[in-house]
Amino acid sequence: MMRNSDALIAELVGSLEPVKPLRFAHGLGLALAAAAMSAVLVMSLFGMRPDFQAGQFNPVHLMATGLFLGLGVAASVTVIVMSRPCVGTDHSGWTWAAAMATLLPAAGLIVGLSADSDLLSRQSLYHGATCFVIGSAASSLVLAVLIGWLRHGAPTAPDRAGLLAGIAAGSFGIFAFSLHCPESDIVHIGIWHSAVVLLMAGVGRAIVPPLVRW
Amino acid sequence: MRADETSLARLMAMAQQGDRQAYATLLHECQRWLRGYFSRRIAPSQLDDLVQETLMALHNKLASWDASRPFLPWLAAIARYRWVDHLRRLYRADECSLDTDVAGHDDEPAIAARITLERLFGILPEPQARAIALVKIEGLSIAEASEATGQSESLVKVNIHRGLKRLAHMIEKA
Chain A
0 MMRNSDALIA ELVGSLEPVK PLRFAHGLGL ALAAAAMSAV LVMSLFGMRP
50 DFQAGQFNPV HLMATGLFLG LGVAASVTVI VMSRPCVGTD HSGWTWAAAM
100 ATLLPAAGLI VGLSADSDLL SRQSLYHGAT CFVIGSAASS LVLAVLIGWL
150 RHGAPTAPDR AGLLAGIAAG SFGIFAFSLH CPESDIVHIG IWHSAVVLLM
200 AGVGRAIVPP LVRW
Chain D
0 MRADETSLAR LMAMAQQGDR QAYATLLHEC QRWLRGYFSR RIAPSQLDDL
50 VQETLMALHN KLASWDASRP FLPWLAAIAR YRWVDHLRRL YRADECSLDT
100 DVAGHDDEPA IAARITLERL FGILPEPQAR AIALVKIEGL SIAEASEATG
150 QSESLVKVNI HRGLKRLAHM IEKA
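Chains as they are written, first to last, in numbering that gives the first Met the number 0: chain A, 0 to 213; chain D, 0 to 173.
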């Protein structure tokens, strides 16, 4: 036995300081602010898509970007909720957003594997790799904010929290870079933009749990 | 008399604002609740340690409770997390004890793990618990377990599968 429980309680009471409870709105606000900062940073470094500047919008690009934004918000909401333990809380809402976003790589692969696609052309690979690298880098701020929030909280499923923090970061990261990326091709978006989310999900799953265990 | 959800939530809200008297009362009530919660889940010899660990976790994570949410589900989630972590450490200690036993060290963790397992097995139907114990703990083959229990080989496999699934579900959702 470590020590007498009454002595422990007296010690804990003696060291009590007022604390500020973790508010859902505060956590979500921080995540969205980090996502917005990432988007502003990307646009200030690389500029906005030419058609956006001209006030024109491509429907495929718009829908895909909206799906990533939706997935980022859904995953962030779940991470914030998971930071406050509560038996009986449902953490599965994000799966619907993820299922919808899965349509993008599925459609990209179907079209990309068709006969007249230039999926493996040099130019296609170069554009794809650019989005992949910069989109992943643009995810880092949101990931750092979510890790910080989880460390303040008490996630009781660190592995899942890490996976979701990665998905949220990757979704916001590629959303930010989509505001610059001039490609509206479903093959490019479905494969390379989705790959950022997949990569960051793996990164989050691998690095976050040891950082947020308590 | 046991404090109810409303009283505990009010005490917790006061504790978050730095009220030490309310916090002392809250911790004593939580200690009592945790004893009841863990007493059905771990060996009696480990009860005090786990209760104290959980009280310290509660203290360190005070900010993770929001006054707009119920208190007891929050406490139960923290208790379950500490319990699962405690079981994980016990099983790790059990694995290490293969080496330490040779050196003549204390084998209390291994015994405690066994007691905990037996408590968990108490929740399962007897055929499932026996199949898991024979194959997964004592190391018998499916055929040997089938002969020992009188169950067919396929039934032994089904009982192991269902029993482990039920144990995992119980640990996750308890």
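Derived by calculation from the structure, the hints in this document are not laboratory data.
Please read all numbers here as calculations on a predicted model, not as lab measurements.
Idealized CB from N, CA, C, for every residue including glycine.
Some hints could be false.
As the list claims (entries may be wrong) - Covered by chain D, per the in silico footprint, the following chain A stretches (three or more residues, Cβ under 8 Å):
#1 4-11
#2 82-90
#3 99-106
#4 145-157
Said to hold, decoys possible - Lysine to aspartate or glutamate pairs mimicking EDC-like chemistry, simulated, CA-CA at most 20 Å apart:
#5 A/K19 - D/D18
#6 D/K164 - D/D84
#7 D/K164 - D/E152
#8 D/K135 - D/E125
#9 A/K19 - D/D65
#10 D/K135 - D/E146
Claimed, not checked - Here are a few chain D residues that face chain A, going by a calculated C-beta distance under 10 Å:
#11 G17
#12 V50
#13 L57
#14 R88
#15 Y90
#16 G149
Outcome of the hint check:
1. 4-11: Coverage by chain D holds for the segment 4-11 of chain A (5 residues, Cβ < 8 Å).
2. 82-90: Since three or more residues must qualify, the claim that chain D covers the segment 82-90 of chain A holds, with 7 doing so at under 8 Å.
3. 99-106: This one is violated; 0 residues, fewer than the three required, reach chain D with a Cβ under 8 Å.
4. 145-157: holds (count 4)
5. A/K19 - D/D18: holds (14 Å)
6. D/K164 - D/D84: Roughly 19 Å between the alpha carbons, so the hint for D/K164 and D/D84 holds.
7. D/K164 - D/E152: Holds, at about 18 Å.
8. D/K135 - D/E125: holds (15 Å)
9. A/K19 - D/D65: holds (9 Å)
10. D/K135 - D/E146: OK: D/K135 and D/E146 at ~16 Å, within 20 Å.
11. G17: Check passed: Cβ of D/G17 comes within 4 Å of chain A, closer than 10 Å.
12. V50: holds (7 Å)
13. L57: holds (8 Å)
14. R88: violated (12 Å)
15. Y90: It is violated, given that the least Cβ distance between D/Y90 and chain A is near 17 Å, above 10 Å.
16. G149: violated (40 Å)
Of the numbered hints given earlier, the model fails hints 3, 14, 15, 16; all others are met.
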